[in-house]
Amino acid sequence: MSFYGLVDGGDASLKSYLNNLSGVDQVGAEARAAMLATRSIKTSSKRWAIDTAITMVDLTTLEGADTPGKVKALCTKAVRPDPTDSTVPSVGAVCVYNDMVSVARTHLDLIGGQHVPVAAVSTAFPSGRASMVVKIQDTQDAIDAGAAEIDMVIDRGAFLAGRYIDVFNEIVQIRQVCGDKAHLKVIFETGELVTYDNVRKASFLAMAAGADFIKTSTGKVAPAATAPVVLVMLEAVRDFYEMTNARIGVKPAGGIRNTKDAIKQLVLVNETVGPDWLNPKLFRIGASALLNDLLMQRMKMDEGYYSSPQYVTMD
Amino acid sequence: MSFEYAPAPESRALVSIKPKYGHFIGGKFVAGGKHFPTINPATEEVLSQIALAGKAEVDAAVKAARKAYTTTWSKMSGKERGKYLYRIARIMQERAREFAVLETLDNGKPIRESRDTDIPLAAAHFFYHAGWADKLEYAGLGTSPKPLGVAGQIIPWNFPLLMLAWKVAPALAAGNTVVLKPAESTPLTALLFAEVCQQAELPAGVVNILTGDGSTGALIVNHPGIDKIAFTGSTEVGKIIARAVASTNKSVTLELGGKAANIVFDDAPIDETVEGIINGIFFNQGHVCCAGSRLLLQENVAEEVLHKLKNRMEKIRVGDPMDKNTDVGAINSKEQLVKITELATAGDAEGAERWSPPCNLPAKGFWFAPTIFTGVTQAHRIAREEIFGPVLSVLTFRTPQEGIEKANNTPFGLSAGIWSEKGSRTLWASQQLRAGVIWANTFNKFDPTSPFGGYKESGWGREGGRHGLSAYLKGVSHE
Chain Z
4 MSFYGLVDGG
14 DASLKSYLNN
24 LSGVDQVGAE
34 ARAAMLATRS
44 IKTSSKRWAI
54 DTAITMVDLT
64 TLEGADTPGK
74 VKALCTKAVR
84 PDPTDSTVPS
94 VGAVCVYNDM
104 VSVARTHLDL
114 IGGQHVPVAA
124 VSTAFPSGRA
134 SMVVKIQDTQ
144 DAIDAGAAEI
154 DMVIDRGAFL
164 AGRYIDVFNE
174 IVQIRQVCGD
184 KAHLKVIFET
194 GELVTYDNVR
204 KASFLAMAAG
214 ADFIKTSTGK
224 VAPAATAPVV
234 LVMLEAVRDF
244 YEMTNARIGV
254 KPAGGIRNTK
264 DAIKQLVLVN
274 ETVGPDWLNP
284 KLFRIGASAL
294 LNDLLMQRMK
304 MDEGYYSSPQ
314 YVTMD
Chain V
4 MSFEYAPAPE
14 SRALVSIKPK
24 YGHFIGGKFV
34 AGGKHFPTIN
44 PATEEVLSQI
54 ALAGKAEVDA
64 AVKAARKAYT
74 TTWSKMSGKE
84 RGKYLYRIAR
94 IMQERAREFA
104 VLETLDNGKP
114 IRESRDTDIP
124 LAAAHFFYHA
134 GWADKLEYAG
144 LGTSPKPLGV
154 AGQIIPWNFP
164 LLMLAWKVAP
174 ALAAGNTVVL
184 KPAESTPLTA
194 LLFAEVCQQA
204 ELPAGVVNIL
214 TGDGSTGALI
224 VNHPGIDKIA
234 FTGSTEVGKI
244 IARAVASTNK
254 SVTLELGGKA
264 ANIVFDDAPI
274 DETVEGIING
284 IFFNQGHVCC
294 AGSRLLLQEN
304 VAEEVLHKLK
314 NRMEKIRVGD
324 PMDKNTDVGA
334 INSKEQLVKI
344 TELATAGDAE
354 GAERWSPPCN
364 LPAKGFWFAP
374 TIFTGVTQAH
384 RIAREEIFGP
394 VLSVLTFRTP
404 QEGIEKANNT
414 PFGLSAGIWS
424 EKGSRTLWAS
434 QQLRAGVIWA
444 NTFNKFDPTS
454 PFGGYKESGW
464 GREGGRHGLS
474 AYLKGVSHE
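Those protein sequence lines, which keep their order, are chains Z and V. Position one of the first sequence corresponds to residue 4 (the working numbering), numbered consecutively onward. Position one of the second sequence corresponds to residue 4 (the working numbering), numbered consecutively onward.
Hints should not be assumed to be uniformly reliable.
Residues on chain V that point at chain Z, a partial pick, calculated with CB under 7 angstroms [stated by the list, open to error]:
no. : residue
1   : Ser5
2   : Phe6
3   : Glu7
4   : Tyr8
5   : Ala9
6   : Ala11
7   : Pro272
8   : Ile273
9   : Asp274
10  : Glu275
11  : Glu278
12  : Lys318
13  : Lys327
14  : Asn328
15  : Glu424
16  : Asn444
Cut-off 20 angstroms, straight-line C-alpha distance, at most; resulting in silico cross-link-like pairs (DMTMM-like, lysine to aspartate or glutamate) [claimed, not checked]:
no. : chain 1 : residue 1 : chain 2 : residue 2
17  : Z       : Lys184    : Z       : Asp102
18  : Z       : Lys45     : V       : Asp330
19  : Z       : Lys75     : Z       : Asp112
20  : Z       : Lys49     : V       : Glu7
21  : V       : Lys318    : Z       : Glu33
22  : V       : Lys149    : V       : Glu83
23  : V       : Lys313    : Z       : Asp279
24  : V       : Lys367    : V       : Glu47
25  : Z       : Lys49     : Z       : Asp279
26  : V       : Lys313    : Z       : Glu245
27  : V       : Lys448    : Z       : Glu33
28  : V       : Lys318    : Z       : Glu245
29  : V       : Lys311    : Z       : Asp279
30  : Z       : Lys45     : V       : Glu7
31  : Z       : Lys18     : V       : Glu424
32  : V       : Lys425    : Z       : Asp200
33  : V       : Lys337    : V       : Glu48
34  : V       : Lys311    : Z       : Glu245
35  : Z       : Lys73     : Z       : Asp102
36  : V       : Lys327    : Z       : Asp264
37  : V       : Lys311    : Z       : Asp200
38  : Z       : Lys18     : V       : Asp270
39  : V       : Lys318    : V       : Asp330
40  : V       : Lys311    : Z       : Glu33
If you are wondering where the hints come from, they were derived from the structure by calculation, not from laboratory data. Backbone N, C-alpha and C fix where the C-beta goes; we use that ideal spot for every residue, glycine too.
Please model the entire structure based on the sequences and the hints provided.
Right under this line is the structure:
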């Protein structure tokens, strides 16, 4: 593999590549994110942002209590988020655990949701603590069951111990399993990497290793997709595009619960990497509760009042 | 479709501007004689007619201030003075949106800045100094520091209410009374502040506000009944004031111009550095005495920084200052626009390369696109003279030593910025720089606890913190 000509696959070249990245000033990054959070998005631009955000939602259920019934309900909602309004677009994907992929794919196909991909969390999600054999099998199973997107976790322990090459090699191997059958999203669990320097490093590592998307979090650890973390990842994606001409997607996940938060994410994208990324092919939001707030805000814009949660479906 | 932000204007209904204003003398509004218009620089709309104070008004104001000083304010306990300052601070917070809208209308600065920076900081200065009022003997300024008397205060148009707060809060905390003149082009928030003084039931004459032009300022500076002059403005006028008070007993503090170096070393955090450069020069349209108007880039990262800077500049939103999403508003006056244009033209003539992002400037009002000049050397006028507008001169250096030498090679010395991820380098550089304020990995950060002021032609004395307080007290060493 060529790794965009940035590294040769060996330890030394990876270290030198990562160590040459410029640092991130914590105060400055947080100040920039806070400033962008003051953007006031009104009227027609708010309406556009809500619909765009809906198309970017990876509608997610990742619970031990997930059942086929729950997953089917989620798929129905994913295809037609508002059963009373056909102008509401479908979401970006349905995101489930490995063993629910076939249930989701079959049900989506059954209800006319062929256009909605199934994303599977993989590689011993959420902790990543398993052998490589297991992680590869986990991924292969999901693809065989019809997953078109793989959300893998990195080995944070290896990353924090400085064994970047191990993290890199895992991504490369999962990338190979995905082949051209599935898009690969690489989850950092930024709440465990803690520093913005680490987030920037992990971003460049994953992109060079072949990630199609870089994703903040599993949703199981807080803090998750904070605005400065997403900003740092978007800056990395922008810089990587300038270096390689490759467009890598970004997926914040965890903690984005309402329309205001989602719009703030779109503003970050718009003013950091630019409008080309305001597209579900390059930006997704991992969420479960968010979709209903988007729908309620959409109704509010149409009808002038904020309706009760009873007017949107619970799942 | 792309993500265009629909207009998000702040409501103007919050403020009521009178068609005509007088002066605030002895706790009352007094009708003026001659008037001149104050306009909204973003639209050229006349907002109100402002009174021009002459000798009679200056005499009356100084007399009222003297009376309040001798009969009330200097006799009052620090604790009681502090209560008034706290009350003023709270009212300013309560009426913050009103102040912000008025400031933006009169000054042209974006509502985001008046709302998030100017007004909160102005209130913070009153809160901070309120705390000092009953603790002056513990400030390390001697056992029993005394106020100076009547302070004449002349403030600029770039941060009208904030500069008022910088001047009035320490003066009052220390027990002085004041005669303050806001700038000719931005008097409205000072006049609203006069209303706040009434609302706070501040004793009559403690704060007097006279509007006018340079002639009013000269009358205040030369008035024999004044004990202290505090001025913020141009170095040119500062020199005139220094000469005028030279043979008198007046104390004086001067906060003048600057041509700050923003020094970027090759180990800087690049993305945040770019933000800091933007904030350093385009904050408040560059109408900032401590603006980072000279960008000094280490040559081995110059290309990368400039590339990212230009990309970032394309995202700057220039336009209606009342729109909540505007980043850069209007130039404060036609006169200032002429000055900026003249210096930028000199940059072209001297061979520097000018670049601005594409932006549609409104047809009415005073506007200047965010601009950078590359290929600038120490010998260019745009590297030496204060432009006081959104114009950045970019220079390069080869070694850290050379960077410091270039940074110090200016008659000014108000502020400087250092960008590096290496702590030892930051500390070393800050020791070498001859500037009153040095920011490390940030720029244009202000706080009432931090003294602010310049070296060399950037001024005398400090404002803010304990140092600033000492400039309003007798029997203590002045810096």
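If you draw a straight line from the CA of V/Lys367 to the CA of V/Glu47, is it 20 angstroms or shorter?
-> Since the Cα atoms of V/Lys367 and V/Glu47 sit roughly 7 angstroms apart, the hinted pair holds (cutoff 20 angstroms).
CA of V/Lys337 to CA of V/Glu48, is that 20 angstroms or under?
-> OK: V/Lys337 and V/Glu48 at ~13 angstroms, within 20 angstroms.
Against chain Z, with CB atoms and a cut of 7 angstroms, does the hint on V/Ala11 hold up?
-> V/Ala11 check passes; min Cβ-Cβ to chain Z is 4 angstroms, inside 7 angstroms.
Once the shortest beta carbon distance from V/Glu275 to chain Z is found, is it less than 7 angstroms?
-> The hint holds - V/Glu275 has a Cβ within 7 angstroms of chain Z, the shortest such distance being about 3 angstroms.
Any CB of chain Z closer than 7 angstroms to the CB of V/Ile273?
-> Cβ of V/Ile273 sits 4 angstroms from chain Z, so the hint holds.
Hint consistency between Z/Lys45 and V/Asp330 [alpha-carbon to alpha-carbon, up to 20 angstroms] | holds, 17 angstroms
Quick one, are V/Lys425 and Z/Asp200 close enough, alpha carbons at most 20 angstroms?
-> At roughly 14 angstroms apart (the allowed maximum being 20 angstroms), Z/Asp200 and V/Lys425 satisfy the hint.
Take a quick look at whether V/Lys313 and Z/Glu245 sit within 20 angstroms of each other, Cα to Cα.
-> holds, 14 angstroms
Should the hint that V/Lys327 touches chain Z count as held when the rule is a Cβ pair under 7 angstroms?
-> The hint holds - V/Lys327 has a Cβ within 7 angstroms of chain Z, the shortest such distance being about 4 angstroms.
Hinted pair V/Lys318 and V/Asp330, Cα distance within 20 angstroms = Given that 20 angstroms is the threshold and the Cα spacing comes to 9 angstroms, the pair holds.
Agreement of hint V/Glu278 with chain Z interface, Cβ distance less than 7 angstroms = holds, 5 angstroms
Does V/Tyr8 meet its interface restraint, that is, does its C-beta lie within less than 7 angstroms of any C-beta in chain Z?
-> holds, 5 angstroms
Checked against the numbered hints given earlier, this structure breaks none of them.
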